[in-house]
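Here is what each chain is made of, one letter per residue.
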Amino acid sequence: MTDLDPTTRDALAELLLAMADDEFVLGFWDSEWTGIAPILEEDVAMSSVSQDEIGHARALYELLAEVTGGDADQIAFGRPAEGYRHAALMNHARSDWAFTIARRFLYEHADAVRLESLAASSYQPLADLAVKMRREETYHILHFDLWLKRLAEGGDESHARLAAGIDRLWPDAQTVFAPLAGEACLVAARILPDTLEAMRARWLERIRPRLEAAHLPVPTTPGSPGADGRTQRTDEFAWLHGEFTMVARSEEDATW
Amino acid sequence: MVAVAPAREAAVWAALADLADPEIPAISLVDLGVIGGVAFAERPDGAERLTVDLLPTFVGCPAIEVMREQITDRLGALDLADEVVVNLSFAEPWTSDRITPAGREALRTSGFAPPVTIGSAFGGELLTVLPIATCPYCASRNTTLENPFGPTLCRAIYHCADCRQPFEAFKPI
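As they're listed, the protein sequences go chains D and P.
Here the numbering used here is used: the first residue of the first sequence is 1, the next is one more, and so on.
Here the numbering used here is used: the first residue of the second sequence is 1, the next is one more, and so on.
Chain D on its own, in the form it takes in the complex (with noise of 0.2 angstroms):
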């Protein structure tokens, strides 16, 4: 348990919770590759990727577990499938290998632009494990840029569907920068070093002259993501939580 007043501690835990499950459903959905992704190597390399993400899920909700006095596991398995407060950019199906790269390469840059600020949190444990946590991202960042390139560059058909992912996912990858209800008390804290719209600004800077390098389009609208960003769910998802609470469900209060 922490020291800090009610509200910042409701506020704190309204970030972890969004934190850990982008982390944690784009984890499960990316899984899915094992076994079947285009080559073998990036059957072992999208099953690593995958087990860091749930790692990292793990840490956050076990952060989040301390802040609230709640139990990691119950809150990673134990909530219905509208509990949930992943960006919507994590509500798709993994559809084709293209649309995945697409994902990856949006989200791997907003987490990084997230972890960089999280590295200066006023919230101490938080700031080490985004200290922690970007060393290991460093890596998916690198290979999504380079898959993103060799798609781009491949042919007429995997630059097709990579523009057609991209294009898809716009609109919900704004909302990984969704704004969170206790926010102003956030950043008033310093536990969020940066308002999540200032960082959204950075991710486009960052990510705007690499999909111009590779000759991807780069849509302009819509700006803002409201603030039902975190909050919608599809069917999909409702599908994947089915999938992933499946073991939990089976045997309630199992213990390992």
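Hints were generated in silico from the structure; no laboratory data involved.
If you only want the chain D side, here are some residues facing chain P, beta carbon under 10 angstroms, derived: (1) Gly27; (2) Leu40; (3) Glu42; (4) Val44; (5) Ser48; (6) Gln51; (7) Ile54; (8) His56; (9) Glu62; (10) Gln124; (11) Asp128; (12) Val131; (13) Lys132; (14) Met133; (15) Leu146.
Using C-beta positions, here's what the derived DEER-type ranges look like: (16) P/Ile118 - D/Pro209: 22 to 30 angstroms; (17) P/Ala41 - D/Glu236: 47 to 55 angstroms; (18) D/Gly78 - P/Ala7: 44 to 52 angstroms.
Ideal Cβ positions, reconstructed from N, Cα and C, are used throughout, including at glycine.
Position chain P against the provided structure of chain D, taking the given hints into account.
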């Protein structure tokens, strides 16, 4: 206290010295650099607690719980304190520069290229390019990165163009 603290702490380090990493048994946990520190302290009830800080190589490393059990079992059997606690810590991030020279040699002789030193101490630079690796079999640097991701989170897969061996490298991080 019966003995002076540094001697007792040295006994803890000595007891941990041959605990093997669960994923790469050729290297010990101490040489891997995942033991951040050991400390004795008195609990509020007067009993004595021995705390070992464990610094995970990767946040999502699935071997963390195995390491925790290994450490607790080993130290618990020695009656060094009333209680042994393994504390997972990110306060000082583990980086591959924490691997000792002995640990690097143990990796190399068992077929893993040790990580290049990237000055990755706290606050250090992040990687901007994927690193090269020296072949652990023939010492050639004429190698190519096959996959920055390998069979565990901390390993990458390379190929040596001279001795034509695939090999793994411990990731610099």
